[in-house]
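Between the sequences and the hints, there should be enough to build the whole structure, so can you do that?
Read top to bottom, the protein sequences are chains A and B.
Just so we're aligned, residue 1 is where the first sequence starts under my numbering, counting upward by one.
Just so we're aligned, residue 1 is where the second sequence starts under my numbering, counting upward by one.
Worth flagging that the hints you see were computed from the coordinates, not collected in a lab.
Treat the hints with care, since some could be wrong.
Quick list of the computed label-pair ranges, beta carbon to beta carbon [said to hold, decoys possible]:
id, chain 1, residue 1, chain 2, residue 2, range
1, B, Arg57, A, Ile193, 35 to 45 Å
2, A, Ser83, B, Thr60, 36 to 46 Å
3, B, Thr60, A, Leu91, 23 to 33 Å
Okay, derived cross-link-like pairs now, SDA-like style, lysine to any residue, Cα gap no bigger than 20 Å in a straight line [stated by the list, open to error]:
id, chain 1, residue 1, chain 2, residue 2
4, B, Lys35, A, Leu127
5, B, Lys35, A, Leu99
6, B, Lys35, A, Asp137
7, B, Lys35, A, Val124
8, B, Lys35, B, Ser50
9, B, Lys35, B, Cys61
10, B, Lys35, B, Leu19
11, B, Lys35, A, Ile140
12, B, Lys35, A, Arg130
13, B, Lys35, A, Glu192
Backbone N, C-alpha and C fix where the C-beta goes; we use that ideal spot for every residue, glycine too.
Here is what each chain is made of, one letter per residue.
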Amino acid sequence: LANRTVAIAAGERAFALSLFLPAFLILVLITTFPLVYLVWTSLNRIDLAMPWNSGFAGAENYARMFDDPRFWHALELTLIYTSVTVILQVLIGLGLALLVSRIPVGQGLLRVAVIVPIVLAPVVVGLFWRTLVLAPDFGIVDFVSRALGFGSHNWLGDPQLALISVIAIHTWQWTPFVFLVLLASLAALPIEIFEAARIDRARAWQRFWYITLPLIRPAIVIVIIMRMMIALSAFAAIFAATGGGPGTATEILNLYVYRTSFDALNFGYGAALGVVLLVITLGVSFFLFRMRRSR
Amino acid sequence: MKRSPVAGAALLCLTGAFLILWTFPILWGLLTSLKPEREVLAYPPTLFFSPILGNYRVATCCSARPLSFPISFPVWSLQLPPPS
Numbered sequence: 001l002a003n004r005t006v007a008i009a010a011g012e013r014a015f016a017l018s019l020f021l022p023a024f025l026i027l028v029l030i031t032t033f034p035l036v037y038l039v040w041t042s043l044n045r046i047d048l049a050m051p052w053n054s055g056f057a058g059a060e061n062y063a064r065m066f067d068d069p070r071f072w073h074a075l076e077l078t079l080i081y082t083s084v085t086v087i088l089q090v091l092i093g094l095g096l097a098l099l100v101s102r103i104p105v106g107q108g109l110l111r112v113a114v115i116v117p118i119v120l121a122p123v124v125v126g127l128f129w130r131t132l133v134l135a136p137d138f139g140i141v142d143f144v145s146r147a148l149g150f151g152s153h154n155w156l157g158d159p160q161l162a163l164i165s166v167i168a169i170h171t172w173q174w175t176p177f178v179f180l181v182l183l184a185s186l187a188a189l190p191i192e193i194f195e196a197a198r199i200d201r202a203r204a205w206q207r208f209w210y211i212t213l214p215l216i217r218p219a220i221v222i223v224i225i226m227r228m229m230i231a232l233s234a235f236a237a238i239f240a241a242t243g244g245g246p247g248t249a250t251e252i253l254n255l256y257v258y259r260t261s262f263d264a265l266n267f268g269y270g271a272a273l274g275v276v277l278l279v280i281t282l283g284v285s286f287f288l289f290r291m292r293r294s295r
Numbered sequence: 001m002k003r004s005p006v007a008g009a010a011l012l013c014l015t016g017a018f019l020i021l022w023t024f025p026i027l028w029g030l031l032t033s034l035k036p037e038r039e040v041l042a043y044p045p046t047l048f049f050s051p052i053l054g055n056y057r058v059a060t061c062c063s064a065r066p067l068s069f070p071i072s073f074p075v076w077s078l079q080l081p082p083p084s
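Here it is in structure tokens:
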């Protein structure tokens with residue numbers, strides 16, 4: 001009987017393994033292999049503009065970044081873009097969630113209305129804003145700006161305005177995500193604590209600062225982590241709206257990776273930039289997760 | 001605690017105004033999709049015009065890339081999360 005039990009257990013293990021292996025192999029093929037290949041490429045000199053220089057380069061591509069002003073500029077833009085979009089999304093999303101949570105009827109309609117930007121593909125959003133909203137000739141923002149007496153501006157052609165515009169596009173598209181998460185979080189708060197606070201004559205601001213905010217803090221932290229990861233890897237909307245231009249005005253690290261790899265055809269250096277972006281994203285996420293656990 | 005009707009109406013107006021502002025680009029896109037090309041490029045932008053469905057007809061049946069729509073659906077269905 002013992003032999004039979006062992007045989008059944010072995011058979012079950014083999015069956016479980018046969019179920020697990022295909023998914024595992026596909027996962028390795030589509031996630032681990034490209035990652036390993038990216039790191040390997042970053043250690044090589046692969047520049048199609050100078051193919052005779054190809055070969056193993058070691059850490060040369062990484063060392064080159066220290067003397068590359070365009071890399072530091074892209075890194076600075078990435079930090080500005082990520083921090084500003086995340087702060088704006090959390091502030092606007094939280095404000096809107098607090099407003100909507102007080103409305104007794106029609107919340108479902110509001111949720112549907114707000115979710116629309118999320119379901120649009122980022123590349124569509126970028127093209128849409130470039131042509132219909134921000135175009136200097138017939139864009140609606142330019143029309144409003146002229147009507148209010150601020151004059152016409154080249155919203156995506158002026159370096160400073162272009163950066164502000166791509167930040168506005170990203171904020172517009174992804175604030176609803178923050179809004180929905182925080183609205184759900186607010187709806188789950190126990191009402192008794194707020195009633196007790198009112199009996200104790202706590203003001204609205206005190207109730208928000210000492211009760212609401214600490215209770216929804218886990219949701220806010222998770223939202224910040226997710227939004228930071230997405231903002232650090234933002235690409236499609238900026239690519240469609242400005243292509244990283246004018247010049248390098250909106251060239252965040254991701255755009256620089258793309259331009260180096262597929263415009264300049266320097267795959268080795270592009271891969272090294274990609275690895276650095278990956279390390280930054282992982283580092284920031286790890287730091288935020290650690291911060292979340294430690295509290 | 002009961003909120004006064006004025007405060008409630010103000011809250012509703014504020015939220016409504018914000019949401020209209022937020023969804024305005026989408027609404028503007030919808031409106032533009034119903035305009036003939038002359039109206040799309042008009043300055044100042046027009047709010048009142050004779051709507052047409054020609055743009056949708058071109059997009060769905062007479063597109064220069066007729067396969068884009070049929071291809072989108074399998075891609076979209078593959079991206080759907082499994083039922084929980």
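Do the hints match the structure? See the list:
1. B/Arg57 <-> A/Ile193: 35 to 45 Å: With a Cβ separation near 57 Å, B/Arg57 and A/Ile193 fall outside 35 to 45 Å, so the hint is violated.
2. A/Ser83 <-> B/Thr60: 36 to 46 Å: Because 42 Å falls inside the window, the suggested range holds.
3. B/Thr60 <-> A/Leu91: 23 to 33 Å: Once the Cβ atoms are compared, 40 Å apart, the range 23 to 33 Å for A/Leu91 and B/Thr60 is violated.
4. B/Lys35 <-> A/Leu127: Status holds; Cα separation ~18 Å.
5. B/Lys35 <-> A/Leu99: violated, 35 Å
6. B/Lys35 <-> A/Asp137: holds, 17 Å
7. B/Lys35 <-> A/Val124: Given pair B/Lys35, A/Val124 holds - Cα atoms ~19 Å apart, limit 20 Å.
8. B/Lys35 <-> B/Ser50: holds, 7 Å
9. B/Lys35 <-> B/Cys61: holds, 18 Å
10. B/Lys35 <-> B/Leu19: violated, 24 Å
11. B/Lys35 <-> A/Ile140: Status holds; Cα separation ~15 Å.
12. B/Lys35 <-> A/Arg130: Given that 20 Å is the threshold and the Cα spacing comes to 18 Å, the pair holds.
13. B/Lys35 <-> A/Glu192: With Cα atoms ~53 Å apart, B/Lys35 and A/Glu192 exceed 20 Å; violated.
Checked against the numbered hints above, the structure violates hints 1, 3, 5, 10, 13; every other hint is satisfied.
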